[in-house]
Structures are given as C-alpha cells and as structure tokens.
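Hints given; two lone chains; assemble the complex.
If you read the sequences in order, they're chains Y and B. The opening position of the first sequence corresponds to residue 9 in the working numbering, with each subsequent residue numbered one higher. The opening position of the second sequence corresponds to residue 277 in the working numbering, with each subsequent residue numbered one higher.
Please keep in mind that the hints were generated in silico from the structure rather than gathered at the bench. Treat the hints with care, as some may be off.
[Stated by the list, open to error] Straight-line C-alpha distance at most 30 Å; calculated DSS-like pairs for lysine-lysine:
| hint | chain 1 | residue 1 | chain 2 | residue 2 |
| --- | --- | --- | --- | --- |
| 1 | Y | K322 | B | K283 |
| 2 | B | K424 | Y | K387 |
| 3 | Y | K322 | B | K285 |
| 4 | B | K424 | Y | K127 |
| 5 | Y | K387 | B | K443 |
| 6 | B | K414 | Y | K322 |
| 7 | B | K283 | Y | K387 |
| 8 | B | K443 | B | K424 |
| 9 | B | K362 | B | K283 |
| 10 | Y | K387 | B | K285 |
| 11 | Y | K120 | B | K285 |
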Amino acid sequence: MTPIYLDNNATTPCDPAVVAAMLPYFTEQFGNASSIHSFGNQVGLGIKAARQQIQALLGAEHDSEIIFTSGGTESDNTAILSALKAFPERNQIITTVVEHPAILALCERLEKEGFVVHKLRVDGRGRLDLDEYRALLNDRVAIVSAMWANNETGTIFPVEEMAEIAHAHGILFHTDAVQAVGKIPVDLKRSQIDMLSLSGHKLHAPKGIGVLYLRRGTRFRNLMRGGQQERGRRPGTENSPGIIGLGKAAELAMQHIDTENSDVRYLRDKLERGILAKVPRAYPTGDLNNRLPNTSSIAFEFVEGEGILLLLNKLGIAASSGSACTSGSLEPSHVMRAMGIPYTAAHGTIRFSLSRYNTLEEVERVIAAVPPIIEQLRKISPYWNEATNAPAEKAFAPAYA
Amino acid sequence: MWDYTEKVKEHFFNPRNAGPLADANAIGDVGSIQCGDALRLMLKVEPTTEVILDASFQTFGCGSAIASSSALTEIVKGKTLDEALKISNQDIAAFLDGLPPEKMHCSVMGREALQAAIANYRGESWKDDHEEGQMVCKCYAVDSALIKDVVQSNGLTSVEQVTHYTKAGGACCSCHEQIEEILVEVNTARCEAPAIEKKEPGPVAEAEPASKPKLTNLQRMRKIEEIIESIRPMLLRDHGDIEIVDIVGKNIYVNLKGACMGCALEAATLGSIQQKLFEDLGEYVRLLPASQLEMAR
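Extracted from the complex, chain B is given alone in its bound form (with noise of 0.2 Å):
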C-alpha cells in the first residue's frame, strides 16, 4: 500500500467538489486513459474580475489522482485566473502533506487541467509539454523521460553528470544500472543516427588556441557572474536559490537560499555547481558557503 498522508486518504475519501459543474465556462480536460489517469476541470469564472468562483472535477485515477484533484479545486476557488496559473505543481502536492515520488504525476496533471481550462476560458490553445516514462529515481522522483532528454541535450557520459543534473541516482543509488542503460541506449542511437546535414570543412580549418586566453580580474568575476545565473533556473525550479557574496581568490562564497537552505543535498548541489564552474572557468575554483566567509577573515 502507498504510503499517502493522512490528507491524502482524506481527500480521497471525501473528495471535495467532485462531479459535473452546470455553468463552468471554462472545461480543462487532460489525461488519457492509456495512461490510467484522466481529469476534467470546470471553473465557473466571473469574467469581469477574472476571479474564480466556483470550480468542479471529475477523475478517472488512482488515489492520489482523485486526491490532488480535489485539493486542486479547493486551491482555485477565489482566486483569479492570473493568481491560479502561479499554482505549481509542488503547491498541489503541499496542499495534501506531499505525495510519494511515484505518484507526483498525478500533482501534475492537476496543474495541467487548470491552465488547459484557463487557455479554454480565454480562447487560446494550451501545449502540453510534459512527457512521462517509468519512474527511475524514487528518492527524487526522476523518470525515464526526464533522463533521456538531458542526456541527449547536453550529451551527457556518465551516472555523476546525470545525478548532477536531474538530482536522479544521487541518494539510495539503487537506480544506477538503469541510468547507465539509458545513457548507453541514448548515447548509442546518438552514434548510429544518420548525419542528415554534413557541413562542407572549410578551405582552412580554424586552429584550436593552444591555451585559453588569460582572463583579466574583471572578466573572470563576470564569467562567474554568467556561471552562476545559468544556475538558477535549475535551482528555481526546485523552489531554492544561490545569490554571490563575495570571491576571494580560488575561493567563491555563496548563499543558497529558498528550498536550497538547509536541503539534505545541500553538499551535493554545492558540489554540483562547483563541478559546473571548474568546468567552464577551465580553473580549479572552490565553492563555498558564505558562513564560511567570516572564519576566512
């Protein structure tokens, strides 16, 4: 048996807002049955204030779908459309104490239903851009799906890049062997895979400098700078930040914040970055928490 929160079974026990809604005006419908999960959303949007005033579902799913259903209704009502489409997945998921990794999904398409019936309501089309595999990584929740298309977008080798980048393998370990076939099975059908477009070689191939050009003070602090924000993104995903408080030679003081503050994995992302940095700096840096600036001095 799964091991849902208390807020979970409640919710799915007694769902709240469930069945059809007469005067929704706006209809957001994903899922698929192939997949075992299917959701309907209906909003009764009030158009002049855009505010939310009513919102019904219907799911055919599991537990945990029929759950993050519910709470997702509770979540809309009264807010307007613009304040409904900051909802994340992760708030859904919050809402009922969390979920087990395996079932995340279920948070996802509840966020899914609501901007595709936000994109009804307003007459536009919504792409779904979310694809699902087998769930690989249980500590983090990291599919097949997910690995697949960051190894094959930024041409990644080896279990240490992937756990670097999708967090996935970066706990119990157990999932190891199957990151290696995939990187294996990606990394093979990158090789066979037919050049469709051969670029003709110049007349006069460009010499590789022989040594990166020294980067002045200024440069190298701006190349951080760029490093660093590249980051971000990734970081603010995961709801967490990483802000630069001071450099000091070899050494790059920092400050994770958000989710990012106090995570189990806060060595592992530190380290992560560090990784990043050395790599594209092309010189040995080292990362550091900014609590440790004050020791230094």
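Bound-form chain Y, shown alone (with noise of 0.2 Å):
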C-alpha cells in the first residue's frame, strides 16, 4: 500500500529537479559567495541566478527586492519588527485574528511591550470586513500584516486592495503569503504590497529557506546585525544549497501554476465531494468560491479530529487537523473558532491539501478510507446514536465539565 500525502500545506516533498540542483552547492561549489577567489564567485553566480528566478516568480521589479532567509516565521518576525523600528513613532500594528502563530504570537508579545494590536475579525466562511479595516486605519499604524491565503482553509484575502489602502493612509503593508506563492498567480510590481514572506517547504524547495521581499525604497531595519550578506539587510553566510534550491522550485512552480488551479483544483474538489456526498453532518469551511485551489477543510461532527487522523495514518493517508488534541492544546484551531465553527464541528475538522504530484487514484482511495472511519468514531461518540444514524436525540450533556 503507498502512501498517500494530502498534508502540503504543512510541508511538502523537495521536487527530485530542486535536489540536483542543489547537490553540487554542497561539494564542489562549497565556496563562501562573499570571497574573491573561484570558489566564491561560482557560488555568487548560482546565488544570483536563484534570485532572479525567485524575482520572477513573484512578479518583483528588481531582484534586490529579494531577501533570503531562513523562512516564513523569520520573514514575518522582520517584516513587524522592522516597520515598529523604522517608524518610531507609530505604535500599532493591524493583522487578522485568522494569521499564522509566526505573526500572531508576535503580536502578543509586543502587546505585553505596550503595541497596540487591532485584529481584524472574520465572518463564517473566514472572510474580512474591509469597513472594519478602513475605519482602524490612522497615522499611529506602523504596519498592516494580513496573509494572503489561509493555511487552514486556504481562503484568500484581497491583500492587494488591502495594499492599496494602506498606501493611502501612508502605511506599510506586508503579507504572510507562504501558502499562496506558487498556487495563485502572484505580480508583486503591479500592486502596492511593501512586504512578502515566501517559505521554500510550501512549494517544494527544501526546510530552512525563505524569502523577504522588500519592495525597493520601503523604509527598513533589519533583524540581526552582521556581515554585509544580502546588502547587509540580513547578515550571516548564506545557505547556499537552500537557495539555489529555491530558485528552482520557484521556476518549477512557475511552469506549473496553470497545473495548481486545473489538475490541483479538479483533484480537490473532487475528492472533498465525493467525502462530502457520503457523510452525513460534514460541512466544508472556509470561502468556498475564493480558496486555494489544492486545500479543503473539512468539519465532521461529532467526532474528534485526531482519532479521524489516526485512522487514516493507518491506511497510509496524511492529513491534518484543526482539533486541540494535535496540537497540545485544550482550544480547537482559533481559525475555526474565528469563523464561529461551532465546537461540535470544531474538533473534527480535517485539513486535505493536495499538490501537482497527487493522481486521480489517490483521491479516489481517499473518498472510499474516510466515511467508514467516521462513522467508526461516531459509533463509539456520546454524542451520536449509531441506531438512527443521527446526533443523539437526548443532547450529551454532562453536569461535570
């Protein structure tokens, strides 16, 4: 039985292309790309290369746009950080209450050190009220930080728009695109969008590399403090073999966008109705009509996400959940709970995100694996009556929370 992997939005499997062309960076072109001699100007070259094949993709105007990093976490920490440090005097930060930990842990924290932090709120089906983000812009905002598409759902905000905004206001705008580059179109020189973080393991370049983009004269101070690598805006050696990876997933991606929203689209919305066609009390979430071409998020009630995902595990399929119990926490995922999921649904909510390399075959093994297993952990839930195959009639309610 061969695996089946529907988790890419969690990570993805390096492209066997982007491997070859990163083995000789980790050998014979070992050379540090700051030195003089051959060995460093062969990594130079491959560097730059890389660059403009990143530039490319993201539609920038200039390669120097282009900051590479460790990921999308340090992308999104210099992002914030760099607009509270360029602009002394502003100190609030507007984002969503739907972002990722990297943003939103960041946020607390800096709520503790005395920024304002205004959340934007989401509706049922994840989406932004842009009246509500109008009316919380003013000339102490340093910064708006809004993902351009939801890791969970993968619904997709009007970051562009937003951009544009708050442009008109005079403030900064960056977006977490990690789970969008690479699935939709993106034209960084035709928008108004200050700031980029690009994680490689999104579109398969290998873990550990990332890219900044900074659109040029966009007031900036950097994280780390070092050596003159990257213009001196991120210093350190650069991780040569990651991104001369990079570079080639980014070409890679490039020659498959159309793939992503026709092939990657089709599997998906196969897959989630053919699940959705033979469960009972199965919802999907998110903006249906504005999502991600390869994501489906799925809600079972009744049921709780990990033992759905335990279950598949064993026929070899990888998901992943919104439940608490994955993730060590006692609250259900806070995007779930931002759209007002309810928690009868919150907990066994199932995250498929599929990529170029999923088949038709795979799909269709999937559809077949997930009723029985639902109605498996239904059978065994307080909260279902497995004899009229329906919510208990009398609610499960304990006295004892």
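The structure is reproduced here in structure tokens:
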C-alpha cells in the first residue's frame, strides 16, 4: 500500500529536480559567496540566478528586492519588527485573527511590550470586513499584516486591495504569502504590497530557506546585525544549497501554476464532493468561492480530529486537523473558532491539502477510506446515536465539565 | 505525531467495551465538547456484592482519550465499587504503559468518569474539583491552572519556589519564561485586588519578637517531624514517601520511599524539602539520605 500525502500545506516533498540542483552546492560548489576567489565566485553567480528565478515567480521589479531568510517565520518577524523600528512614532499594528502563529505570537508579545494590536475579525466563511479595516487605519499604525491565503481553509484575502487602502493612508503593508506563492499567480510590481513572506518548503524547496520581499524604497531596519550578506539586510553566510534549491523550485512553480489551478483544483473538488456525498453531518469550511485550489477543510460533526487522523494514517493517508488534541492545547483551531464553527464540529475539522504530485487514483482511495472511519468513530461517540445514524436525540450534556 | 505506546495504539485501534451498555445501572458523564473530550462510562453493578459485572464507554476525544476509556473499562471489571474508587489516573496511564504529558488529562477524565458513575449508582452527587489549563511544563505535565493555583494560595514569588511546589520547570527549564509570566500575572492581580475586609488595627500593636526563642532538643525534633509530616501528602500524591531515620546535630537522615526511590529527581526533592525545613525551622540543617548515616558513623 503506497502512502498518500495530502498535507502539503504543512510541508511538501522536495522536487527531485530541486535536489539535483542543490547537490553540487554541498560538495564542489562549497565556497563562500563573499570570497574573491573562483570557489566563491561560482556560488555567487548561482545565488544571483536563484534570486532572479524568485523575482520572476513573485513578479518583483528588481532582484535586489529579494532577501533570503531562514523561512516564513523569520520573514514575518523581520517585517513587523522592522516597521516598528523604522517608524518609532507609530505604535499600532493591524492584523487579522486568523494569522499564522508567526504573526499572532509575535503580536501577543508586542502587546505585552505596550504596542497596540488590532485584529480584524472574519465572518463564518473566514472573510474580512474591509469597512472594519478602513475604520482602523490611522497615523499611529506602523504596519498592516494580513495573510494572502489561510493555511487551514485556503481562504484568500484581498491583500492587493488592502495594500492600496493602507498606502492611501501612508501605512506599510506586509503579507504572509507562504501558502499562496506557487498556488495562485502573484505579480508584485503591479501591486502596492511593501513586504511579503515566502517559505521554501511549502513549494517543493527544502526547509530552512525563505524570502522576505522588500519593495525598493521601503524604510527597513534589519533584525540581526552582522556581515554584508543580502546588502547587510540579512547578515550571515548564505545558505547556498537552500537558495539554489528555492530558485529551482520557483522556476518549477511558474511552470506548474496553471496545473495548480486546473488539475489540482479538479482533484481537490472531486475529493471534497466525494466525501461530502457519502458522509452525513459534514461540511466544508472557509470561503469556498475564493480559496486556494489545493485546500479542502471539512468539518465532521461529533467526532474528534485526532482519531480520524490516526485511523487515516493506519491506511497510509496523511492529512491534518484543526483539533485541539493534535496541537497539545485544549482549544480547537483559532481559525475555526474565529469563523464561529461550533465546538461540535471544530474539533473534527480535517484539512486535506493537495499538490501536483497527487493522482486521481489516490483521491479515489481517500474518498473510499473516509466514510467508514467517521462511522466507526461516531459509533463510540456519546454525541451520536448509532441506531438512528443521527446526533443523539437527548443531547449529551455532562454536568461535570 | 504523538509518541503513543504500542498499548495506547492497540486500545485505540481495537477499543474494548465500546458502545452503549443496555442494562447499565451506573452511568458517569464527564467532559465537554468545548474541551474536545467527553466520556460516558456505563457500569453494570451487582447490587448485593457491589461487584462491577460489566463496563462500557462512549468517548468523544483523541486517540489517547479513547484508549484511556477502553483501558478503564478493562481495569474496573470484576472489582467492587470500593476497590474501583481506589483506581488513580496513574493506574490508567500505567495500564497503557504511559501517556505523553500533554495527554495525562485523558487518564484524569477516566478516573473522574468512574467517580461520577459510582456517585450516580449510590445516588450521591459528585463534585469535579479539577480544572485544566494550558500545558506549561512538558517534562512533568504541569498546566497553568495548577501553577496559578499554587502561586495564589502559597504566595509564591519565584520560579524556584514554583519548581519546589509543583516540579514545573525542574528539568529542561524551557518553560521558565511562562512561569515568570504566571507569577507576574497572579501577583499583580493580588496587589490590585481591592481589600474586601479591612481589619481595624488593634489599640496596641503586638511587638514582633526580636528573635525566635530557642527550641529545646525535644521541641526541635517534634518540629522537624511536623514539617516532614506536612510534606508527605505531596510525595504520596506522586506515589512516593519519606521517613526520618535519625537527627544528628544539623544533619537529618531520611529514607525516600516508593516512587521517590531512585527517582531522577531525588536530589531535587531532598533539596526542596531541605529548603522548607530551613525556612520553617529558622536554622540551617542538612537533609541527607539515610545511606550516608552509616558512613557518618
């Protein structure tokens, strides 16, 4: 039984072509790009080419707008902390309730340090209210940070429009686009986005490499001090194998962007419809008309996500869950809670995230595997009545919580 | 993926006694869907002997919650209600060859369901005195609710004290920042709390004694015994114990027993008890394992 990987929003396998491009940079091309000799020079040229490949994928105007970092979290932290440093007279941040912890945990810390953080709410489908956003803009806001696409539901935020609105008020705009880049077209030179975070391992490049896009002319204060790498904006000897790999992955992502929106979307839709047709009391979450083509988030009522994942895993199927139990906290996913998904369903939310490597045969196997698993878990759930195959008539309500 | 034991996986994939029990005469419902854990335990109790003839469960929860419920039904079958009441959550976890620290609450839920079911059978009401918070110390499975409670009720002000009282922060130290935050939060709230009852100062304030009166030898030994007695419940809760073997001048020789014996934290346990002795006795003493008594002689 070959395993089926449907957890590509968590991480992706490296494309074999990416690995092949990287390998020489561990051995013969080991030089330090800053060195004057030929060992270093070759590596420097490789990095330059990779920077241009990423520039092309992002549609950036200049290749110097690409800063290599260790990944999405570093890029997110750098962007926000830079804005606060660069505009010391501004002490407010606008973000959203559904951001990744790389933003939310940082904002929580900044709040403790005295900064004011406004978190835009979302509706039942995970959408923002742009009027609420407009009302919050003022000249004390240092930066707005909103994700391009949500990691759990795939819901896409109108970041280009939001960036224009921010600019009209003279405010910097950052977007965490780690889930969006490579899955939907991005053209930064036509947008007013000032900063963008990208993570290599979400698009078939290795872990530990990422990018902060920084629009030319944007006031910037770097996170770390050190050498002159990345024009002094991100010191530390370049992760040359990672950078070369990310360059190759960017090139491949450009080639496959149409596949993502045709083939991958087709498979995702087939999977979602197939499961929903066979499982009662299950529904998709997020903005179904405006989401990433690879992501499906399905809430199964009256069962808990970890049990589903363990049983799927036994059949070789990998997915993920917004349940509390998989994260070690007691609250279910903050994204599900923000959308007002009731607890009865939030704990049983499963995310299937596909990639161009998935096949129709795999999707059919998953469609066949899911219904018996949900049935099995509902059988032993006190919230479900097996005899009627419906929620327990007399609601299970323990006096002792 | 969690580091579940084979036994946990086995009980999750093949749960024993799952589903409703038609002629159950003791039912315990605990948990809530908000927390993502809920369990209904159903027992069939023979009325004359109070022996549990049959048990089954229905659980909404993660893998370890289902495995803990399954284990619980296996453990209680054939026991009398009084025997069943002695089952601790550690017994449930031990039956499964252990649970990850973040998942220990699953075994706690099992024990609570058992208590609730027995109370239901006996027509009593059962009170849930257990509150859960975010896991802070992952080494010893200590959550924020317990730390807050201990800080509040004992007026603790340092990470070291929290470690002495709860073990939290006693191993890898990664949670010290979180413990400091809890200390600040609780102690700030304490300072801001409005005084509900203001005691009128007495007409003549009693003067603090300049120094503690010196204890006689007998008083001192009794005092040491008293302090050790006050610590024992804490050790017993972790299935350990302590006894005084001898007191020789500043050296107090003790035996650690049960789970404390050979525990990796033996030195830390002794250290914190010594600290308590030191504070309560008002003099410097050394707490030593009885094995060193032989050497001293």
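Results of checking the hints against the structure:
1. As the CA atoms of Y:K322 and B:K283 are separated by approximately 15 Å, the hinted pair is consistent with the 30 Å bound.
2. Between B:K424 and Y:K387 the alpha-carbon distance is near 38 Å, which puts this suggested pair outside the 30 Å criterion.
3. Between Y:K322 and B:K285 the alpha-carbon distance is near 10 Å, which keeps this suggested pair within the 30 Å criterion.
4. Taking the CA atoms of B:K424 and Y:K127, the gap is near 28 Å; set against the 30 Å cutoff, the hint holds.
5. A distance of roughly 40 Å separates the Cα atoms of Y:K387 and B:K443; the hinted pair therefore is violated under the 30 Å criterion.
6. As the CA atoms of B:K414 and Y:K322 are separated by approximately 27 Å, the hinted pair is consistent with the 30 Å bound.
7. Our distance criterion of 30 Å between C-alpha atoms is met by B:K283 and Y:K387, whose separation comes to about 22 Å.
8. Note on B:K443 and B:K424: the hinted pairing holds, with a Cα-Cα distance of about 14 Å set against a maximum of 30 Å.
9. Annotation: proposed proximity of B:K362 to B:K283 holds, straight-line Cα distance about 22 Å (limit 30 Å).
10. The suggested pairing of Y:K387 with B:K285 holds, with an alpha-carbon distance near 18 Å, which does not exceed 30 Å.
11. Simply put, Y:K120 and B:K285 have alpha-carbon atoms about 41 Å apart, too far for the 30 Å limit, and the pair is violated.
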